[in-house]
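If you read the sequences in order, they're chains A and B.
Letter by letter, the first sequence follows residues 11 to 485 in our numbering.
Letter by letter, the second sequence follows residues 11 to 791 in our numbering.
Since the hints were made in silico from the structure, they are not lab data.
Please read these numbers as outputs of a predicted model, since none were measured by experiment.
Just so it is clear, CB atoms sit at the ideal spot from N, CA and C, and this is done for glycine as well.
Just to be clear, a hint being listed does not mean it is correct.
Take a look, some chain B residues computed to stay more than 12 Å from chain A by CB distance [what the hints assert, rightly or not]: (1) His102; (2) Gly247; (3) Pro382; (4) Asn439.
Facing chain B, a subset of chain A residues (Cβ under 8 Å, in silico) [claimed, not checked]: (5) Asp40; (6) Ala51; (7) Glu90; (8) Ser156; (9) Thr262; (10) Thr264; (11) Lys473.
Here is how the chains run, residue by residue.
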Amino acid sequence: MQTLKLTVNGKPFHAPDVRPHTTLLNWLRDQGLTGCKEGCAEGECGACAVLVARSTEDGGTRLESVNACLVLMGTLEGQEVITAEGLGEPGALHPVQFEMAVRGGSQCGYCTPGFVVSMAAEYYRPEREAGTAHCGPNGFDIHALSGNLCRCTGYRPIQDAAYALGAPDDSDVLAERRAQPAPAPQAIHLHTLDGEFHRPATLAEALDLLDTNPAAKLLAGGTDWGVEVNIRHARAPVTIAVDGLAELRGLTWTNEYLEIGAGLPLTEIERRLGDRVPLLAEWFPQFASRLIRNSATLGGNLGTASPIGDSPPVLLALDAGVVLIGKTGEREVKLSEFFTGYRQTVRQPGELIKAVRIPLPLAPTTGFFKIAKRRFDDISSVAVGVALELDGDIVKRLHIGLGGVAATPIRGTQAEEALTGQVWNEKNVRAAAKLLGSEGTPLDDHRATAAYRAAMLEQTLLKFYFEQTRQGVLV
Amino acid sequence: MTHSLFERPPVGAVGDAIAHESAELHVTGHALYTDDLGVRLQNLLHAWPLQAPHAHARILSMNTAPALAVPGVVRVLTKADVPGVNDSGVKHDEPLFPDEVMFYGHAVCWVLAESADAARRGADAIEVEYEPLPAILTVQDAIAAGRFQGSQPVLRRGDVALGFEEARHIFEGEFEFGGQEHFYLETNAALAHIDESGQLFIQSSTQHPTETQEIVAHVLGLTSSQVTVQCLRMGGGFGGKEMQPHGFAAIAALGATLTGRPVRMRLNRTQDLTMTGKRHPFHSKWKVGFDEGGRLVALQATLSSDGGWSLDLSEPVLARALCHIDNAYFIPHVEVQGRICKTNKTSQTAFRGFGGPQGMLVIEDILGRCAPLLGLEAHELRRRNFYASGEATPYGQPVRHAERLQTVWQTLLDSSDFVARQSEIQAFNAAHPHTKRGLAITPVKFGISFNFTAYNQAGALVHVYKDGSVLINHGGTEMGQGLHTKMIQVAATALGVPVKCVRLAPTRTDKVPNTSATAASSGADLNGGAIKNACDQIKERLAAVAAGTLGVHPNDVRFENGKVYPLGHPDQDMDFAKLVHDAYHLRTQLWAAGFYRTPGLHWDREAVQGEPFKYFSYGAAVCEVEVDGFTGAYRQLRADLLHDVGDSLSPLIDIGQVEGGFVQGAGWMTLEELHWDKFGRLATQSASTYKLPSFSEMPEVFNVALLEQATESGVVYGSKAVGEPPLMLAISVREALRQAAAAFGPGGRAQELRLPATPEAVYWALDTARQASGALVTADD
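Given only the sequences and the hints, what does the whole structure look like? Please build it.
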């Protein structure tokens with residue numbers, strides 16, 4: 011059994027007896043750091059948010075917020091964590107804590123440390139700048155708080171607190187901290203009665219381990235596996251954490267495609283891509299919450315093969331491919347051929363997802379439609395990605411990706427075929443929308459009825475048509 | 011010396027907009043909640059329930075031996091271990107360990123182990139043989155089967171038959187709506203140990219420590235004096251911790267008693283969702299009559315609530331629903347029958363509003379649906395029916411300050427620019443075939459006091475120490491509503507000291523006994539009255555001492571800001587601390603027990619008549635929404651709220667209650683949906699499936715104001731209760747959505763809308779409207 015070493019609130023901690031399924035949340039609370047709260051244990055409420063120190067591309071440190079309930083301790087060897095207790099103390103509040111306190115940002119106070127942490131991450135975001143569109147007057151992006159739930163306040167005072175924040179001053183040690191390097195990912199092997207936890211140093215080591223343990227649980231951002239562990243009490247005899255592998259964290263443009271590493275957190279992809287892939291830029295803020303996107307990866311979202319994952323509809327619309335790698339080499343599979351059944355894919359034992367490739371040039375007109383009960387941080391009942399290229403008024407290329415209407419994500423092939431080569435006008439779009447409404451085998455469940463899901467397939471294509479027409483993008 | 015309850019001294023902390031007394035602890039993570047305390051104890055055991063996988067079943071046998079073979083498991087608690095009464099409720103219908111499973115997820119036994127994980131594995135190992143029994147899972151099925159529980163009260167005034175004869179327009183309908191999960195961020199938790207004096211000491215996240223104490227005592231066969239319950243603070247309660255915590259505290263207490271070790275019980279989110287009660291769903295069937303002017307003449311209705319498997323608080327919840335079906339409207343002839351369905355679901359319980367919102371929804375739904383049929387705009391129909399001065403409710407209570415309804419209404423119409431925005435919306439809707447906006451205003455009139463008269467009492471304990479510092483204790487619990495903050499302000503004002511001189515100690519049953527639940531919005535009214543009473547006693551004794559020193563009559567001694575001076579001579583002041591020091595040496599009692607009972611209440615629950623409420627709280631809300639015709643998705647563009655809190659004790663706290671109540675209500679109106687599957691299993695049993703409002707549900711423009719010049723002469727320092735009433739302001743959101751959905755079709759239709767009005771529900775509503783117009787929209791948006 012190995013003792014982990016990590017830094018919490020600037021102090022070194024030794025963590026003996028850590029098990030493969032011990033979460034950061036439970037470990038922190040056992041240390042008496044009870045400011046970190048469990049509200050849901052599935053990354054939905056943010057009451058357990060903590061800051062972690064991560065590398066920036068220029069060798070500095072970025073303080074990012076994550077849900078401690080979804081972080082397994084094995085991924086934290088050598089890492090730095092900051093909790094609400096580490097930001098300030100009664101009588102010596104951090105600016106974020108001060109604004110929250112004086113503006114009535116806390117009522118029962120249980121969600122408050124998590125809000126403070128998420129707000130601090132945004133406070134220290136280097137790109138935060140007054141005058142940014144869709145942000146507060148101080149450049150605060152309120153989406154930074156979309157993964158934190160409060161049942162008491164109604165959010166207005168929390169938003170006021172967020173928008174009242176200035177810039178960190180010269181004496182701010184955490185602002186200073188950003189100029190220093192972040193701890194590098196550390197390889198580790200935990201061997202316990204409850205199972206094995208490997209965090210290999212290289213892709214080659216990971217593939218060796220996977221070759222030896224083909225049934226091993228692959229762990230990237232952990233935002234899905236953490237839920238399984240906490241809610242369904244899933245336990246894996248062998249876990250291989252690939253979250254730190256440099257080989258899975260590339261982002262490359264070639265003439266033919268854009269390749270995105272399967273292990274890159276979505277926030278990082280979002281930041282590095284900017285507006286260069288408009289469909290993804292539209293999609294990112296609608297994917298879960300910032301807290302989740304700071305950990306979640308494309309590899310994980312595709313690898314779990316959930317029929318309601320939000321990345322397949324957009325990636326299907328972008329006609330993306332999946333790069334799989336094993337000991338014997340790598341291969342690319344079109345995403346439309348990747349899913350084989352409910353939570354099943356063509357990935358072979360011994361293989362892992364290395365990257366996603368998006369062919370270039372991109373279709374000029376795209377749209378993403380997420381149908382859910384709640385506008386932020388909800389799971390889709392239906393999700394639709396659309397990518398369209400016209401030649402004059404003739405449809406040259408149309409890809410429609412659908413989630414939530416079948417056992418796997420699917421393409422809206424009937425509508426695609428009906429419209430390709432035809433004039434892009436209301437009559438043809440209405441006819442195609444009818445066909446789209448008959449795709450898949452939607453179900454009744456607690457999120458939506460089958461009838462609504464089917465109606466939404468039809469309606470989203472119409473909505474896409476009318477929105478594009480209104481904006482004058484298309485005529 | 012006489013002490014006015016409601017008059018404020020010219021200087022004092024009440025009315026100051028101060029932050030929550032624990033705000034600095036909240037934001038730094040230093041505020042402690044029940045489950046944060048376990049890590050401080052040695053040899054802690056963790057409790058885990060075994061939940062039954064049937065909605066209704068008989069337990070034929072239970073073999074707990076395999077659990078004991080799991081490493082770390084110490085003991086399994088079963089019915090055989092109960093030394094006292096095997097019951098966790100006050101109606102004797104909630105066995106702590108059941109022989110008959112009454113709902114899916116019912117806990118049949120509990121495992122104690124060295125870790126929560128070991129306890130869970132132990133629970134998994136237990137073998138139980140069940141005989142499944144037929145289950146009733148819906149209100150409709152319960153009505154069909156005649157399966158009711160508790161009393162079936164009837165609210166009656168006038169003669170509805172006569173009323174319908176007089177009516178010019180008669181409409182009938184049905185309306186069924188779902189419940190709501192409290193989703194306090196802190197799930198239920200308890201921590202029990204035998205303390206150094208041999209008493210049973212329980213930390214519990216409970217709104218009703220006294221009842222928790224009583225239930226624990228009767229389960230363990232102890233007297234109340236042998237059990238102490240403390241509640242440091244709760245991470246939200248909303249009514250969900252008024253009755254539900256008792257059984258959980260009893261489990262921890264039983265475990266601690268049997269093992270001699272401290273026992274921690276904390277439900278995870280799924281356990282909390284599947285085991286604890288929620289807001290009552292209701293079904294209503296109604297018939298309403300209006301005269302030619304649109305005035306209500308008669309209302310006949312049957313309200314059937316879904317009480318779940320046991321009675322819990324269902325009877326008083328139903329009573330409050332009956333007492334709020336009139337909302338702000340005078341209805342001459344009324345006959346409303348109430349009944350409680352018994353279903354195989356969680357035992358539904360108190361939730362902010364306590365039946366009031368359900369009653370109110372019925373009449374607001376009727377008015378929203380009928381207005382177009384009467385050829386009136388909904389806001390005009392509502393205004394025409396407001397109570398006037400001198401009128402009484404159907405249960406016989408005069409509507410005091412009825413004129414405030416008109417004041418609130420008109421002030422809000424003006425400040426929200428209602429009329430002008432109506433025209434703008436008409437123009438917008440005419441120009442946008444795929445997007446429609448809706449605007450609605452709705453009123454709230456909510457009765458304050460417990461219907462159960464005996465609960466309208468409170469106690470407090472105030473100590474002044476020799477150094478002039480003040481320690482207060484009262485029977486109310488803090489769940490985020492800011493009660494403790496207000497109580498500190500009341501004590502500081504009553505004693506004439508700065509708030510920083512006053513410390514508030516945690517709520518516990520050995521300090522103030524026989525307390526009522528912190529519920530019914532009454533916490534500040536009752537406990538504030540008790541604290542002021544205690545402070546007044548101490549101040550009177552101090553004034554006698556000061557009178558001698560200052561050479562004036564005791565009535566002419568003034569206490570302000572930590573100084574004491576003769577009336578008219580603030581320059582001759584002395585320090586409060588100095589006076590206290592002198593008073594001690596003169597052998598003056600420097601502490602007092604305070605008590606308050608709300609005067610003038612009476613209630614006949616059988617006749618459903620009386621004056622159960624001290625006063626009414628008034629408010630109104632204007633809400634504007636925009637609906638997407640393709641998906642039914644919508645945004646709240648703007649909300650304007652105006653609410654009557656009397657003279658606010660603490661404006662930052664009160665504004666927070668109004669806003670938070672509105673957003674929580676809007677969650678119920680639009681988003682929050684409890685879904686039980688055909689086996690009676692709750693399908694929405696996690697945060698990922700049960701969605702509460704997030705930032706995206708906050709109105710984009712949110713204007714909130716408190717009614718000015720609103721002194722309530724019957725309450726401490728002229729204030730009014732605030733906890734529950736603002737939740738019902740959110741009915742305006744649903745009515746605005748109804749307007750917007752209707753705008754997709756022709757006018758003059760009764761627009762129905764499901765509750766919750768999820769995007770799907772709004773889509774089907776607007777789809778119906780579009781079908782009614784029969785036209786396929788083809789114009790550009």
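Hint check results:
1. His102: 32 Å, holds
2. Gly247: Violated, since 8 Å does not exceed 12 Å.
3. Pro382: 25 Å, holds
4. Asn439: Holds, since 16 Å exceeds 12 Å.
5. Asp40: At 6 Å from the nearest chain B Cβ, aspartate 40 of chain A passes the 8 Å test, so the hint holds.
6. Ala51: It holds, given that the least Cβ distance between alanine 51 of chain A and chain B is near 6 Å, below 8 Å.
7. Glu90: Violated: closest Cβ of chain B sits about 17 Å from glutamate 90 of chain A, beyond 8 Å.
8. Ser156: 6 Å, holds
9. Thr262: 34 Å, violated
10. Thr264: At about 37 Å, which exceeds the 8 Å cut-off, the nearest Cβ of chain B leaves the hint on threonine 264 of chain A violated.
11. Lys473: 4 Å, holds
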